[in-house]
Amino acid sequence: MQQRISSLLRALTVICALFLLQESKAQGLVERIHHFKVEGINSTMLEKRCQESLLAFDPEMVVSIDREFNIVKVKTMQELPAAQLISAMQQVGITATLDMKKEDHTANDQQ
Numbered sequence: 107m108q109q110r111i112s113s114l115l116r117a118l119t120v121i122c123a124l125f126l127l128q129e130s131k132a133q134g135l136v137e138r139i140h141h142f143k144v145e146g147i148n149s150t151m152l153e154k155r156c157q158e159s160l161l162a163f164d165p166e167m168v169v170s171i172d173r174e175f176n177i178v179k180v181k182t183m184q185e186l187p188a189a190q191l192i193s194a195m196q197q198v199g200i201t202a203t204l205d206m207k208k209e210d211h212t213a214n215d216q217q
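Using my numbering, the first residue of the sequence shown is number 107, and each one after it goes up by one.
Since the hints were made in silico from the structure, they are not lab data.
Take the hints with a grain of salt, since some may be wrong.
Claimed, not checked - Distance windows between CB atoms, simulated:
1. Q197 - R110: 27 to 35 Å
2. A117 - A189: 14 to 22 Å
3. M107 - E185: 36 to 44 Å
4. M151 - F175: 17 to 25 Å
5. L115 - E145: 32 to 40 Å
6. Q196 - M107: 15 to 23 Å
7. Q108 - E185: 33 to 41 Å
8. Q184 - V120: 27 to 35 Å
As the list claims (entries may be wrong) - In the DSBU-like style, the derived pairs of lysine-lysine whose C-alpha atoms are separated by at most 35 Å in a straight line are:
9. K154 - K143
10. K207 - K143
11. K154 - K207
12. K179 - K143
13. K179 - K207
14. K154 - K179
Note that this is a predicted model, so its numbers are computed, not measured.
Backbone N, C-alpha and C define an ideal beta-carbon position, used for all residues, glycine too.
With the sequences and hints as input, model every part of the structure.
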């Protein structure tokens, strides 16, 4: 059951990301992607609290959480400092560090 929910959430995340990409291309916006290494997301409840804490900054952002590999990926069109996102996760009991190897600030018109 949990595996099905996880698969459904991933599919919905992809659909949302594609929708946002189309919309941002029309507006000429820049998509920002942050990758975080995290510790402490060991339940569905903490996963939900993590998502809610991040979505408070931008309800249209896409938050992908991979509990197996302890990774949180955030896609947003807003200019949000990674430190703010880390602080939000810390407030709900999650330790997070920015994964600089995967940090990406891509202009949507570059393909």
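Now the hints, each set against the structure:
{"no.": "1", "hint": "Q197 - R110: 27 to 35 Å", "result": "30 Å, holds"}
{"no.": "2", "hint": "A117 - A189: 14 to 22 Å", "result": "31 Å, violated"}
{"no.": "3", "hint": "M107 - E185: 36 to 44 Å", "result": "39 Å, holds"}
{"no.": "4", "hint": "M151 - F175: 17 to 25 Å", "result": "20 Å, holds"}
{"no.": "5", "hint": "L115 - E145: 32 to 40 Å", "result": "21 Å, violated"}
{"no.": "6", "hint": "Q196 - M107: 15 to 23 Å", "result": "30 Å, violated"}
{"no.": "7", "hint": "Q108 - E185: 33 to 41 Å", "result": "35 Å, holds"}
{"no.": "8", "hint": "Q184 - V120: 27 to 35 Å", "result": "20 Å, violated"}
{"no.": "9", "hint": "K154 - K143", "result": "17 Å, holds"}
{"no.": "10", "hint": "K207 - K143", "result": "11 Å, holds"}
{"no.": "11", "hint": "K154 - K207", "result": "26 Å, holds"}
{"no.": "12", "hint": "K179 - K143", "result": "9 Å, holds"}
{"no.": "13", "hint": "K179 - K207", "result": "13 Å, holds"}
{"no.": "14", "hint": "K154 - K179", "result": "14 Å, holds"}
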